[in-house]
Amino acid sequence: MKQERIGVYVCHCGSNIAGTVDVGQLSSWAADALEKRGVVVARDYKFMCSSLGQELIKSDIVELSLTRVVVAACSPHLHEKTFRTACQQAGLNPYLMEMVSLREHVAWVHSDKALATQKAKALISGAVERVALHEPLDPISVPIEATTLVVGAGISGIQAALEIADAGQKVVLVEREPSIGGHMAQLDKTFPTLDCSACILTPKMVTVGSHPNINLLTWSEVEAVDGFVGQFTVTIRKKARYVREDVCTGCGICMEKCPSKLIDQVYEAGLGYRSAIYRPFPQAIPKYPVIDKANCIYFQRGKCKACQLFCPTTPNAIDFEQEDQILQLTVGNIILATGYDLFDARRIPQYGYGRLANVFSSLEFERLCNAAGPTEGKILLRDGVSQPESVGIIHCVGSRDRNYNNYCSAICCMQSLKFAHLVKERTGAKVTNFYIDIRTPYKDYDEFYQHVLQEKVEFVRGRVAEVTDAARRPGEEGKLIIQVEDTFIGKQRRIPVDMVILSAGIEPRHDSKEVSRKFGISCNGSGFFTELHPKLDPVATMSKGIFIAGCAQGPKDIPASVVQGAAAAARVLGTIQQKSLDLEPVLAQVIDQKCSGCRICSNLCPFNAIGFDLERQISTINPALCQGCGTCVSACPSHAISGTQFSTEQILAQLHGLLAESFNGNGARTQSPAFSQAELV
Amino acid sequence: METLNAEQLNFEPVVVGFTCNWCSYRAADLAGMSRAKYPANIRLVRFMCSGRLDPVFIMKALKGGADGVLITGCHPGECHYLEQNYKALKRFKLLRRMLSQFGYEPERVQLVWASAAEGTYLAHQISRVVEEIRALGPLHRASDTPSFELIGDAQLQEATV
Numbered sequence: 001m002k003q004e005r006i007g008v009y010v011c012h013c014g015s016n017i018a019g020t021v022d023v024g025q026l027s028s029w030a031a032d033a034l035e036k037r038g039v040v041v042a043r044d045y046k047f048m049c050s051s052l053g054q055e056l057i058k059s060d061i062v063e064l065s066l067t068r069v070v071v072a073a074c075s076p077h078l079h080e081k082t083f084r085t086a087c088q089q090a091g092l093n094p095y096l097m098e099m100v101s102l103r104e105h106v107a108w109v110h111s112d113k114a115l116a117t118q119k120a121k122a123l124i125s126g127a128v129e130r131v132a133l134h135e136p137l138d139p140i141s142v143p144i145e146a147t148t149l150v151v152g153a154g155i156s157g158i159q160a161a162l163e164i165a166d167a168g169q170k171v172v173l174v175e176r177e178p179s180i181g182g183h184m185a186q187l188d189k190t191f192p193t194l195d196c197s198a199c200i201l202t203p204k205m206v207t208v209g210s211h212p213n214i215n216l217l218t219w220s221e222v223e224a225v226d227g228f229v230g231q232f233t234v235t236i237r238k239k240a241r242y243v244r245e246d247v248c249t250g251c252g253i254c255m256e257k258c259p260s261k262l263i264d265q266v267y268e269a270g271l272g273y274r275s276a277i278y279r280p281f282p283q284a285i286p287k288y289p290v291i292d293k294a295n296c297i298y299f300q301r302g303k304c305k306a307c308q309l310f311c312p313t314t315p316n317a318i319d320f321e322q323e324d325q326i327l328q329l330t331v332g333n334i335i336l337a338t339g340y341d342l343f344d345a346r347r348i349p350q351y352g353y354g355r356l357a358n359v360f361s362s363l364e365f366e367r368l369c370n371a372a373g374p375t376e377g378k379i380l381l382r383d384g385v386s387q388p389e390s391v392g393i394i395h396c397v398g399s400r401d402r403n404y405n406n407y408c409s410a411i412c413c414m415q416s417l418k419f420a421h422l423v424k425e426r427t428g429a430k431v432t433n434f435y436i437d438i439r440t441p442y443k444d445y446d447e448f449y450q451h452v453l454q455e456k457v458e459f460v461r462g463r464v465a466e467v468t469d470a471a472r473r474p475g476e477e478g479k480l481i482i483q484v485e486d487t488f489i490g491k492q493r494r495i496p497v498d499m500v501i502l503s504a505g506i507e508p509r510h511d512s513k514e515v516s517r518k519f520g521i522s523c524n525g526s527g528f529f530t531e532l533h534p535k536l537d538p539v540a541t542m543s544k545g546i547f548i549a550g551c552a553q554g555p556k557d558i559p560a561s562v563v564q565g566a567a568a569a570a571r572v573l574g575t576i577q578q579k580s581l582d583l584e585p586v587l588a589q590v591i592d593q594k595c596s597g598c599r600i601c602s603n604l605c606p607f608n609a610i611g612f613d614l615e616r617q618i619s620t621i622n623p624a625l626c627q628g629c630g631t632c633v634s635a636c637p638s639h640a641i642s643g644t645q646f647s648t649e650q651i652l653a654q655l656h657g658l659l660a661e662s663f664n665g666n667g668a669r670t671q672s673p674a675f676s677q678a679e680l681v
Numbered sequence: 001m002e003t004l005n006a007e008q009l010n011f012e013p014v015v016v017g018f019t020c021n022w023c024s025y026r027a028a029d030l031a032g033m034s035r036a037k038y039p040a041n042i043r044l045v046r047f048m049c050s051g052r053l054d055p056v057f058i059m060k061a062l063k064g065g066a067d068g069v070l071i072t073g074c075h076p077g078e079c080h081y082l083e084q085n086y087k088a089l090k091r092f093k094l095l096r097r098m099l100s101q102f103g104y105e106p107e108r109v110q111l112v113w114a115s116a117a118e119g120t121y122l123a124h125q126i127s128r129v130v131e132e133i134r135a136l137g138p139l140h141r142a143s144d145t146p147s148f149e150l151i152g153d154a155q156l157q158e159a160t161v
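Same order as they appear, the protein sequences are chains A and B. Per the numbering used here, the very first residue in the first sequence carries number 1; after that it's consecutive. Per the numbering used here, the very first residue in the second sequence carries number 1; after that it's consecutive.
Do not take every clue at face value.
To be verified - BS3-like, lysine-lysine: derived pairs with alpha carbons at most 30 Å apart:
#, chain 1, residue 1, chain 2, residue 2
1, B, Lys93, A, Lys513
2, A, Lys189, A, Lys293
3, B, Lys93, B, Lys63
4, A, Lys518, B, Lys37
5, B, Lys63, A, Lys594
6, B, Lys37, A, Lys81
Unchecked claim - Here's a subset of chain A near chain B, in silico, CB distances under 7 Å, partners left out:
#, residue
7, Ser75
8, His79
9, Glu104
10, His105
11, Ala114
12, Ala116
13, Lys119
14, Ala122
15, Leu625
16, Cys629
By construction, these hints were calculated from the structure, which means they are not laboratory data. Small disclaimer: the values here were computed from a predicted structure and weren't measured. Built from N, CA and C at the ideal position, the CB exists for glycine as well.
Using the sequences provided together with the hints, build the complete structure.
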């Protein structure tokens, strides 16, 4: 084996590293003690990442014919790219460089200079042994298909789709429900400006519906996702509408004539009715209705066809024979904007939702306020006649509560303040808010709070214990009594009201974990999709080419959802512009001669990258699907799978270097470890 | 905890920590950024995923001079590679059983899940593990385990699949 010529570069990082680690000693030690392992030069410098520091490495590569480089500086997550590029510029393959995290993993976490320097030596020794076994690699270049898939057509998905389409690129927008619009389409007013939700959303929806670059697939769901960034193959089920989109004019006669009326649990939140053939709301995009098979008299009993009979178009737009269509599309990037589910307040039985008639959920109240809703915008009690004279609004229902969700749902404070204002404005009722903390950050939010305070809305600080209809005192008969500890006066209070609104929190979609598995991204403990970096990369995910936006990523209000939708679109447009993308060459490869065909590896791969060659009776790995986790490498009983950048030999060499150096100067140890170079392979 | 004798007090254990690129290595980065302190006895090695952790690495580390090994990875359900940390968990559990069969204290090999946001938590856990291994005392390899040499890689791996 030819001896590598290794250069070791120790960074001071000002005093960040040099303050805790004896960098001078480290570099002279490396030049001296590691000489027999191939180190030909070791230097320390104030800032290795500066252009002068990089120049130092580059000139050494050229003048001393270095074949490997070890940079002991900060975390590779920060500057690996910098030093790889420097190596490349000097003509050395970038993957022949290894970084040691002296700053994050040594200097910043230890205080004893001697021990820290000792540890730094061990780490550098490990890196030197490892880098000697590195192989020159090339990044994997993949072409980017220009079409983008956006899943979920709420406000965030709509924004993302429009940004991309307006930039001249094709978008496939998939929505599970019959119409786009999402939760925003159900709202009445939006805080803090109180502009009408439909008025600002509908124009965007119309643009989406008619945009030449948007292929809108409503009443459709993504069934499967294969492939990788640039070349995803998605399978989409376009559910049968039983209405021909090519002929339907959207006149709505079928919906009027349909004899099957049922409670609309989705759009009207259980407060209104719809027919079995329906369009969720008048401004729905697309305008075509859909037949709800489970409630259609024809589909259930074989007779009726009223919709077909009354349909005025020729040919008839109703087609009972329609079947689900399976579409296969190739897309380069995917944006997931699958939204949220409202916390089901029935899970807190002591608040009486679903048991006490006049306890409303926030979404129900939105429908009550909405001029197009079941009461035409009148705030009425469940009897549909009487106006409430007093209203209690309970904040943080299902949020900031260790029994349900620990997190803050972000919208409830402002939403509750908006409700308080709307009740005051429309009924003049006495309004009491029950809160833990009022959280009104962002532009004009606190001003809105101050405005509501001036409207003589009352605020009681304390988590509500119970909502009950059991009257105990005079004046409580026929009312709902809110039992609460007022933490400002330190006393229990019973406050009788006519109506209770539960400001329910935001939860991840019930199937968010299933969706995350389908798309190969991860979720946090609650079920919200995990972003690549919480601050610096909030819309990318750990799977390249898959982006997230809106409440699917975490609770947020409309402005924030729009911002994220646009941000995700910008990221996608960026990759489309590049036309191809370089991926890190971390891959598993089968060594054909060693594979016995046992197939132990096949079941370990969650990306289905491992196939089986029946003819040769060996496993094969599809490099396009392999994500490089290395689980199969460590499981193969024949050592027939090798992992680039993380091979067994490289890791064992690193361990050897690490441990060999851990004993020098360690007083407690006399015995040298039994770990010889011969055992490494 | 029992009181430490003089030898244990002077003893500086060497602990090898295996981290995954996405969660626990980033947690260690964050521990640094938050200046959370932990003992210098740990030496971290980076993998892409805890699923890459071949039990052979752990045995080699123990044999090669480490007094203990700390395995870290993403929390269950948060694995960058979807579910590979569960495979690491399986291997860990089996390996621990084998360790006691060999006469090693199973506590010499420990597992901690840490997300990229849990820097301080990881620092606490590292401190705890180092102290626990310090209390166990040095791992005397040569005299205690003559049978160790018989365990080849192939057998180890077969047992852990």
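Discussion item. Name the hints, by number, that the structure is in violation of.
Written reply: Violated hints (numbers, rising): 2, 4, 8, 11 and 15; every other hint is consistent with the structure.
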